[in-house]
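Novice: Here is how the chains run, residue by residue.
2 protein chains.
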Amino acid sequence: MTIANTISEIVRIDLGDRSYDIVIGENLLGQASSYLHLPKASAALIVSNTTVAPLYEAALKQALSEHFKVIHTVHLPDGEAHKDWVTLNSVFDTLLAHACDRQTMLFALGGGVVGDMAGFAAASFMRGVPFVQVPTTLLAQVDSSVGGKTAINHPMGKNMIGAFYQPQRVVCDLSVLKTLPPREVSAGLAEIIKYGPIADMAFFDWIETNIDALMACEPQALAYAVRKSCEIKAHVVGQDEREAGLRAILNFGHTFGHAIEAGLGYGEWLHGEAVGCGMVMAAHLSEALGFIDAAFVKRLTGLIERAGLPVKGPLLNATDNAGKYLALMLHDKKSVAGDIKFVLIEGPGRARVSVAPEATVRAVIDRCCA
Amino acid sequence: MTIANTISEIVRIDLGDRSYDIVIGENLLGQASSYLHLPKASAALIVSNTTVAPLYEAALKQALSEHFKVIHTVHLPDGEAHKDWVTLNSVFDTLLAHACDRQTMLFALGGGVVGDMAGFAAASFMRGVPFVQVPTTLLAQVDSSVGGKTAINHPMGKNMIGAFYQPQRVVCDLSVLKTLPPREVSAGLAEIIKYGPIADMAFFDWIETNIDALMACEPQALAYAVRKSCEIKAHVVGQDEREAGLRAILNFGHTFGHAIEAGLGYGEWLHGEAVGCGMVMAAHLSEALGFIDAAFVKRLTGLIERAGLPVKGPLLNATDNAGKYLALMLHDKKSVAGDIKFVLIEGPGRARVSVAPEATVRAVIDRCCA
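Protein sequences, first through last, are from chains V and R.
In terms of my numbering, the first sequence opens at residue 577 and continues consecutively.
In terms of my numbering, the second sequence opens at residue 577 and continues consecutively.
Hints in this document: simulated from the structure, not taken from any laboratory.
There's no promise every hint is true.
For identical chains, the list gives no copy identity; a pair is met inside one copy or between any two copies.
[What the hints assert, rightly or not] Keeping only pairs whose Cα atoms sit at most 27 Å apart, straight-line, the calculated DSS-like set for lysine-lysine is:
1. K910 <-> K645
2. K917 <-> K616
3. K888 <-> K874
4. K616 <-> K910
5. K888 <-> K900
6. K645 <-> K917
7. K888 <-> K917
8. K910 <-> K900
9. K754 <-> K637
10. K645 <-> K616
11. K888 <-> K910
12. K874 <-> K917
13. K637 <-> K616
14. K900 <-> K874
Model the full structure from these sequences, guided by the hints.
Specialist: Pasting the structure below:
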């Protein structure tokens, strides 16, 4: 596999009048040229969090000052535990305190949580204002900032309240990944690895070959992985924006993963860690249902482990662990009429969404948990 | 003017794949046939309030029982003062407590507040579930249930948080209007009268002729007024779903009206009362800017008065009343970059959105307030 020169590449998300570009490259965040040709607006609001703002907000503000007369900022508390209505409301409070109008453009500067909340704020403020994603984690660059899913959590379920709302642009600055803690890099790799078994085994081969370079955040390797991930996601989302069918395959590993996150309490494991482990469990379920062989499960598990991710599910309940997982998965958004819908690997590079017999699921959970 | 036989008429809202029908007629709410051919779902949630539910929920539930296996209900506290996040969240709590899935269909049974909140809940729950409007006030039947505007209030502004989200159907049962208090009838007539000066003077003539029949809730008169109002609104919304331009003319009277509602505290005046008075003020402003003559202002004011609506604005501040109105109007969603956008009558039956000199607006407020 060759790694193309990927500095400042563009991946187009094709959604008719909601189409937009993902711009990928080094040192993009602080360049005014990254924000050319956006809809006209006099004011911008940078939505960031208390961890990311000190690192990158000044550079973004400087770049935006060439395009906007006024730039406001709001800093959310860091972490999935704050992805709730109270935090979201602080964005609305800021917008209204500054008398922002319906042309105000929001900039989501941060990881998936900031992107989800700034996106839902943009979707809802005055019934919709434009926004731009400036993801600063690997996970956000390859997954959450792309495709228009925005949401907050409800005490009874993750991402239960939100909107499909597309950004005007996604600016993926690879340079910011250099400051990312290793645990966050691994979490991002989970979503990158995901694209292999569901859609593209050649990419999976490439990840296996380059996993050490990716773990070390080598720019060329990251650039290729980000671009490829965005291309695959763009292709899927372009066919099914509102998750009527196909798009659900992007949730491979997420049904078990959400149960882990909810069962441990949001924020205990990173989302990517839960997805990594969830993919192992979903692969075992696919094997138990006869779709794939043990060798492929072992190969996928090995790569997930090399990416520094957990491959054993946590115990969520001492007396009926499988029952606890099942109860939590029943609240997954893919569940319909009391049936849990799993994303299964039909064969390497091909996914399907399907129900599964409870006994089989219980056996898989028992086998996969520590 | 002849009044057509309007029992069970259909007005189509043409919005591509978001198109839907408004069904207008007597005794529709409790008939199973009113809910045929909706998307397949196993569960329904009726969202109503503590005033309307005792009157109509049983009949709706009975009718829906032929289409849904399970029907849940949630009763919101009555009134604009409760159109907030806390109340909205009670809808999400109910949906999640019953493990509702993303096919669950919401039914908004009530006036504008219920419709706005159930609609926004439907737009946001799991990023969007289908919903049906069953408006039980005249105002909701001729205005708020049609066109897909949903929202809740923020302490700093009305309808500041919401979505453009279209229902699957609107079922306008004229029979329910018989139990409506006279004050609510008048409030609904404000939005009916509105369609005349902005779009259709023949309809305005008809309203003038039939105002007594409308005040008395005569079914044939109401049926014609509801259908005609929905047709005009459908025509405008069909051209500009997300209020990029033309649709804003439907806010005639609403800029001053929102200031009245916010200044007095939401719920003090009914929305329709504030709009009625706001139309008088906007007409005076249109005259002051030279668009229409005093005779037309007088004619419009006379009809609004005959409809039982206030025509003098309340004093919102003892020392600088006009300044208070201006400050409140600056928070209106139509305002852009610090300019208040007014919907003005350019000539009878024709509206435009425009800024106005502050001195002129102040003079109009001084002249129009009690």
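Novice: Evaluate each hint against the coordinates.
Specialist: Verification of the hints:
no.	hint	in the structure
1	K910 <-> K645	between (43 Å within a copy, 20 Å between copies)
2	K917 <-> K616	between (43 Å within a copy, 18 Å between copies)
3	K888 <-> K874	within (13 Å within a copy, 78 Å between copies)
4	K616 <-> K910	between (38 Å within a copy, 16 Å between copies)
5	K888 <-> K900	within (16 Å within a copy, 62 Å between copies)
6	K645 <-> K917	between (48 Å within a copy, 20 Å between copies)
7	K888 <-> K917	within (21 Å within a copy, 59 Å between copies)
8	K910 <-> K900	within (18 Å within a copy, 49 Å between copies)
9	K754 <-> K637	within (20 Å within a copy, 58 Å between copies)
10	K645 <-> K616	within (11 Å within a copy, 49 Å between copies)
11	K888 <-> K910	within (23 Å within a copy, 54 Å between copies)
12	K874 <-> K917	within (23 Å within a copy, 64 Å between copies)
13	K637 <-> K616	within (17 Å within a copy, 48 Å between copies)
14	K900 <-> K874	within (26 Å within a copy, 70 Å between copies)
In this structure, every one of the numbered hints holds.
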